[in-house]
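Visitor: Each chain is listed here by its residues.
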Amino acid sequence: MIYFDNSATTQADPEVVSTYDAVSKQIWGNPSSLHKFGEQAFGLLEQSRQQIADLLGVSLSEILFTSGGTEGDNWVLKGTAIEKREFGNHLITTAVEHPAIHNSMEQLKQLGFEVTYLPVDEHGRISIDDLKAALRPTTILVSVMAVNNEIGTIQPLIEVADVLKDYPKVHYHIDAVQGIGKGISDLIFNDRVDFISFSGHKFHAPRGIGFIYARRGRRIAPLLTGGGQERNLRSGTENLPAIAAMSKALRLLLTNEQDKVQRQRAVKERILNHVKEFPLVTLFSEDNEGFAPHILCFAIRGVRGETIVHAFEEHQIYISTTSACSSKKHMVSSTLAAMNVPEGISTSAIRVSLDEHNTLEEADEFNRVFDELYDQFKKLSNETTN
Amino acid sequence: MKYSEIMVRYGELSTKGKNRKDFIRQLGKNVRQSLQEFPNLEIKAQHDRLHVTLNGESSSAVIERLSGVFGIENLSPSVKVAKDIETIKETAAAMVKEQFKTGTTFKINTRRQDHDFEFDTNQLNDMLGGYVLEHVPGIEVKMKKPDITLRVEIRLNGVYLTSEIIPGAGGLPVGTGGRAVMMLSGGIDSPVASYLAMKRGVKLDMVHFFSPPYTSEQALAKAEELTGKIATFGGNIQFIQVPFRKIQEEIKEKVPEGYLMTIQRRMMLRITAAIAESRHTKGIFTGEALGQVASQTLESMMAINDVTTLPVLRPLVSMDKEEIIRIAEKIGTYDLSILPFEDCCTIFTPPAPKTRPALDKSRNFEKLIDVDGLVKEAVEGIKIVDVKPNEKFLNQQSDVFAELL
Chain A
1 MIYFDNSATT QADPEVVSTY DAVSKQIWGN PSSLHKFGEQ AFGLLEQSRQ QIADLLGVSL
61 SEILFTSGGT EGDNWVLKGT AIEKREFGNH LITTAVEHPA IHNSMEQLKQ LGFEVTYLPV
121 DEHGRISIDD LKAALRPTTI LVSVMAVNNE IGTIQPLIEV ADVLKDYPKV HYHIDAVQGI
181 GKGISDLIFN DRVDFISFSG HKFHAPRGIG FIYARRGRRI APLLTGGGQE RNLRSGTENL
241 PAIAAMSKAL RLLLTNEQDK VQRQRAVKER ILNHVKEFPL VTLFSEDNEG FAPHILCFAI
301 RGVRGETIVH AFEEHQIYIS TTSACSSKKH MVSSTLAAMN VPEGISTSAI RVSLDEHNTL
361 EEADEFNRVF DELYDQFKKL SNETTN
Chain B
1 MKYSEIMVRY GELSTKGKNR KDFIRQLGKN VRQSLQEFPN LEIKAQHDRL HVTLNGESSS
61 AVIERLSGVF GIENLSPSVK VAKDIETIKE TAAAMVKEQF KTGTTFKINT RRQDHDFEFD
121 TNQLNDMLGG YVLEHVPGIE VKMKKPDITL RVEIRLNGVY LTSEIIPGAG GLPVGTGGRA
181 VMMLSGGIDS PVASYLAMKR GVKLDMVHFF SPPYTSEQAL AKAEELTGKI ATFGGNIQFI
241 QVPFRKIQEE IKEKVPEGYL MTIQRRMMLR ITAAIAESRH TKGIFTGEAL GQVASQTLES
301 MMAINDVTTL PVLRPLVSMD KEEIIRIAEK IGTYDLSILP FEDCCTIFTP PAPKTRPALD
361 KSRNFEKLID VDGLVKEAVE GIKIVDVKPN EKFLNQQSDV FAELL
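So the sequences go chain by chain: A and B.
Residue numbering for the first sequence is 1 to 386, as defined by full-length UniProt numbering.
Residue numbering for the second sequence is 1 to 405, as defined by full-length UniProt numbering.
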């Protein structure tokens, strides 16, 4: 079996699962309880938080646990909108965000907020001039993803930071769900960012857990009110087994990060350099520092993406059409649409997404199967090859 | 850059005439104590500077620790190289390059202790300046106030190059300003007040009141852990815990509600003063800021201060909460202080404490309890722990947890 769909989810690491298991069995007190058993759970909760803060070079109180990437994105957007509604009603994001951002923005629009979607170029990247032009006195938030989940573009996060230094009151949010552990933490943890959202299951932690970074002094309203957990910003009994497991997963992820990034980049290059030689192939991801090391998106023109996914599946190779979220709904990739890729081509797009365990041998096997499938499908494609 | 030595320049103490020797000895001692986690260091406190030889220890970790020690004006990491002109040139260019930004200016400042070295200072300045100009494109020489001054010292045992100056914590070495007792609650303010007291050279003993079962073991551990944090700025601190439960219950039972807080504070101060005197210390520090809460109005301070003639010093007296929080964040006590464990100041707080207690009433109400007996009992019940820098008290299972994480 070759699993090349790591941007959809990753396999939980056995060591991480064993932490989850041990905490569930042994440290099941409620961190809010006053007795020793509760204190023990509280101790583990805060030690997990401290470990995450230390790994990322931030402070303990800047890490807040969530149920995952979608909650983090929803929280920062709506929490900012609620908190800062008296200061303005305008939010800025990009045209290529994950639906957790896009649909939250759309919901805010229905409530009377104004949203600007920054267009992207043929690489899926926003332009800083567009951002400058979009900023208004009423702008309260700029939200930009670190790594595009469909084609892997890295956005100009530092340049956005530099622009926003002249707008100190605007909240700067980065959706780093696809960006953690991919060798770009300098870009993500820049000196201007206020909020960053993360999802555990994208780095071998269990489902249903994630966290946000919230710069000290920056305020957002809570979305989940209740018992006052997470400094009264996110109520709900803490998911301690998953939190401890995620803390461990993050430590494992960031150990020898550069080596892992190199390995993923090498696997991606092996596939990219192979498929680009075929006349029916259109590449969307590139092989340079402007793209994440683990995502490769391309199309075999004239063949639907789903068909390719299922054909690879017959060879026990698991890939996806663009994003897992949209693939079952037969939706056209929003990123490719924003890049003005014609629908006839974008419906053919497929995504290979890697993790640090994938190997060059797997890439070779993929390439071998690719050759076979290409031969089969080129006869059926109604595209011309020149 | 792989540094081999850190040079520490003394602060204000150089102006203090005949006490200088004591200051240097104390600073040397404090530096040794705060660096005790690094076994390979060699520390020499000389009359003009202090030298820390790294012997392979991490320069950034040592610099971080040193920049928190009071009495240090600034420090400079230096590189030791062999007495070989080519090596000196290359190292000089590499060091300047590391700090270079567009428009940077520099000069070379050479000192020669070893007069047998083949070049004199003028020759060295010329040669090294020329080499840097050639190898760092865009840099310019400036003699007055350059951005980078690269100091080159030709000593008998090698050549030392220094260029960066990192600001120290300033202040006076802890221990040169006498000894005092600090009333440490566990909130945000008292650790900051401790820090500021230490900045002026005062060596502190911490007094902490605890009241189980009204306060938890965690509240005590938190105060101890805060003490460990504060000890990083001046070495080990004696932590004195005072049992306060009986006194609080007695006051609650016998004193009118409006004066509960005032009388409790008078008892705390009285006990602290008794401890201070028995230890021959010269004053009491508190984290009070004027107007912050009911016990911190001028009227309250007068009614509470009434019980002792020792100086009660309040470094935070005119600070805003925001200013205090900023310092707490800087010195790393904030995250600990906000842990939600109740301390004995917050229990038995009446819903409406008197913000302007009258002195005569305070004195009269106090007659309802056995003041001397209670003070004596509390002082006899104290427990003293010696807390080391960064010692951990909270989360005793942290090692067990580390296995899981």
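Hint data in this document are derived by calculation from the structure and do not stem from the laboratory.
Misleading hints may appear alongside valid ones.
[To be verified] These stretches of chain A come out as covered by chain B in the derived footprint (C-beta under 8 angstroms, 3 or more residues): (1) 47-57; (2) 247-254; (3) 363-369.
Here a beta-carbon is modelled for each residue, glycine too, at the ideal position from N, C-alpha and C.
Visitor: Against this structure, judge whether each hint is valid.
Guide: Status of the hints after comparison with the structure:
Check result for the stretch 47-57 of chain A against chain B: holds, 3 residues qualifying (beta carbon to beta carbon below 8 angstroms, three or more required). Under a criterion of three residues with beta carbons nearer than 8 angstroms to beta carbons of chain B, the stated coverage of the stretch 247-254 of chain A is upheld, 3 such residues being counted. For the stretch 363-369 of chain A, the assignment as covered by chain B is violated, since 0 residues bring a beta-carbon within under 8 angstroms of that chain's beta-carbons and 3 are needed.
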